[in-house]
Amino acid sequence: MANAISIANLSKRYGQTQALSGLSLEVSAGDVCGLLGPNGAGKTTTMRILATLLRPDIGIASVLGHNVVSNPAAVRPLIGYMPDSSGAYRDMEVAEYLEFFAAAYDIPEAQRARIVDDCIALTGLMEKRDALIDGLSRGMQQRLGLARCLIHDPQVLILDEPASGLDPRARIEVLEVLRTLGQMGKTVLISSHILSELRHLCNTICIIDRGRLLYFGTIDEALKQARTAHRLEIRLTGRPDAARDMLAGLDGVRKAEVLDSHVSIELHDGIEDFSFVASRLVEAGFGVLTIKEEEILLEDAFLRLTDDAQQATHMPPPVPSAPPDRG
Amino acid sequence: MRLPLARLELTRTGRNKNMYRLRLAVPAFCAALLWLTWEFGTSRRTDPEASAAFCNNLITNAVYAFQLFVAFLYTPLLASETIAKEKQERTLPLLLMTGAREADVIVAKGLSVFLQAEILIFGCLPLQTFNTFFGGLTLEMVLGQQIVLAAVCVLLTSLGLLCSAVSFRPMDALTLTLGGEALWLATGALLDATTLGTLGWGPAFALSAVNATYEPSFSWSGLSVVTFSSLVLAISLCACALYALRRTAHVREPRRVTRRRDFASMKTLDRFPWLRQDPIGRLYAANVSTGGGIIHRWPWWICVLVVSCVLASPWPVPLWPVIVLLIIYDVSSSLSSTHEDGSMELLFVTSISEKGLVRAIYRTHLRRACVFLPSLFLASFVVVGPGRMQPMAGLPEVLPWGIRYAANGVIASVEAWLEAIAYVSLGCLCVSQYGHIARQALYALGWLFGLHVLAGLASVVMSALVAIAIESGARTDIFNSYLFTPGNVVAKISYFFVLVMMSRNWYAIFQRAVEKRWRVGEPLAERSMSRLRALFLESA
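Top line first, the protein sequences correspond to chains A and B.
According to my numbering, the first sequence is numbered sequentially starting from -5.
According to my numbering, the second sequence is numbered sequentially starting from 49.
Be aware that one or more of the hints could be misleading.
[To be verified] Examples of chain A residues toward chain B, derived with CB under 7 Å: (1) Pro71; (2) Gly81; (3) Phe94; (4) Ala97; (5) Ala98; (6) Tyr99; (7) Gln177.
[To be verified] What follows is a set of in silico ranges between Cβ atoms, one per label pair, in the way DEER data are often shown: (8) A:Asp100 with B:Asp326: 54 to 60 Å; (9) A:Arg132 with B:Lys564: 27 to 33 Å; (10) A:Ala115 with B:Phe276: 51 to 57 Å; (11) A:Thr174 with B:Tyr291: 39 to 45 Å; (12) A:Thr174 with B:Ala113: 58 to 64 Å; (13) A:Arg132 with B:Trp349: 43 to 49 Å; (14) A:Gly129 with B:Glu393: 21 to 27 Å; (15) A:Asp100 with B:Leu173: 33 to 39 Å.
[What the hints assert, rightly or not] Short derived list, chain A residues pointing at chain B, Cβ under 7 Å: (16) Leu47; (17) Arg70; (18) Tyr75; (19) Ser79.
To be clear, the hints were calculated from the coordinates, so they are not data collected in a lab.
A virtual CB, placed ideally from N, CA and C, is assigned to each residue, including glycine.
With the hints as constraints, model all of the structure from the sequences given.
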């Protein structure tokens, strides 16, 4: 599949701060890619460069084959950019604002009303159609920003923290809209701090820290990388502490502990078949109710990858960053 | 070039209902004035010529005052808000993402501002034609003045766009625009200020526009020179604005530098007990310096230098109003932006008492106004004092020339300082009542006129009373005369007294607003005219 977004060796410096440092990334057309990273990682800088609002110091960035530096005029109609702060003309009404941008995007007048209606319906702003933007809640303004991004039917969406500051319901609704857009075949590059939500939205993620790429690939692959060993959660009949003592003495078990009413064990690296745990428990007279592999959260993967990078940068001499895994 | 963007801008700005009201109200007001004057003028039937001349003067001054207001204040206000506001609200990148180029934005904003202003100016043309019937001005002069005003609007729109393009906040843009406008006026390129005293604003402007700008013999060439030079300058400014916009359009935040000296106390000013700053005042001053206007960063000697250059020029414009305007704008812009960007909340959450807080705010702005004091004193000694030395018929010169000169300079300086205090109070008051920059500026001017009217009335009444009592022959035109008659002295003292009392009263209103509204988080809101009237009466 052709790349919708392509970044190669991108660097950007603000005074003494190196915001991006040789970042390379490729997002295929139709992908929904999450851009993750701690504060100051370079997410917004990357997005602004892709949105033609910022020039990189070094490197190449292109959207659908058009270079964002040398040919921004060709890129702009192809992308919908939603900045982290939703800029809006506060003295305008919702529909009027969207019509303003529809006209600015040179959409023929005959089609504008229909397109505006579609965008309003898609983002759930029907009730606020004639409301002043100044009176909209933060969530509604985020939706309006999203509607504005969609007004010219762009092929690539670049969304900087679209769900930030929203209450849980609004966040779910906005993410639902984004999921729909992903299903419609749009390429979406989205940055967010709510990692668990990205898991259900994105098919690829990109983790960056201090302007460097730490990981790029599928979420499952990230979780697999983050998992160094299997952790099992075992519910059983009998005394949990006795079971823990028994399990702790088994070959292949690194650690065993009682948590609430269940026993949690961690296996040594490389052990994929953990059926022996159940059989040894049964042999020891315990009734096994459930054995479940503990889920590795995206947060864990994120923390582990960024922690590794942080340790690497603090260790003299600096360790070069890991080559990106294209998943 | 994407003219649809200009159309969109016009549609957007045209939604401002006040614009329509203003458009209708002014000609209606002038027409009513004309009719009333003509209908009820006592000399209409007995002396039609005198009555016509009176009507002519009245309409001329009313219409021209309005047109000058639109051209010299309203246009810069609108123009300086355009791009800087887009930057402040972060909508400029969204606009540029649509494929519009920076040149499109400049043209669109410039066109919408120019047309808004020009519609108001051109709308007065029917009324101005009355002047030709009454015999005051010729049609040629009226049309010439329209052309010059249009050129002025173009020029000030370009200047506003440039300042807006280099600024990140409308406040800064407005300050820069007004400063640039003052410098341009100071060159004497447009108004021959020496004619103002004798003719009044309207006729002086019309004569200056149509007749000589640089030399009386130029006649119509003055108009051509003004128009042509304004347009050329405007095009240059637009090109600079385009360049500046290309460089700043995508900068997200202005560079904020809080320096150590922002927190430091200035020892010179600390010698005065009423200017001394406590730690809260210094904290507020540091917040203001990052969030507010920019004038205070100018050293005082630069102001003096600028004033000296203007004074040394062949066409010295009245500097006093310009400096006063700068003080008001500095106070209003810095205070309102500090309030709006949330810096003030840092102080509100402290345990400091409201009185202490208000005092800290007020003293900080007084200290900022001190930047202008040396230049005000200079203007007082060089222009205002000597300007009031003219011998007046029927009044004796009771003191030697040197003493009178020194005394006039000192009195003018004291007056300048007292007025500066009054304007700081006025600025604080305006911000405490009105949040929006354009309205706040207009209301500030409204209060300023109110101040002068009231002070003038009080002085005239008192001087008249004293004159009757001691039969010294006091004059009612005391603002132009410092002849040391007892009536004039008392009148001047009464004027000072009125200034001090008004400053106190405005400060009290500002204090109440901070205590009762700001600290509890009530947003600055647009107030009704009745509220304005009540405040005015309260302060009076």
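For this structure, which hints from the list above don't hold up? Number 7 only.
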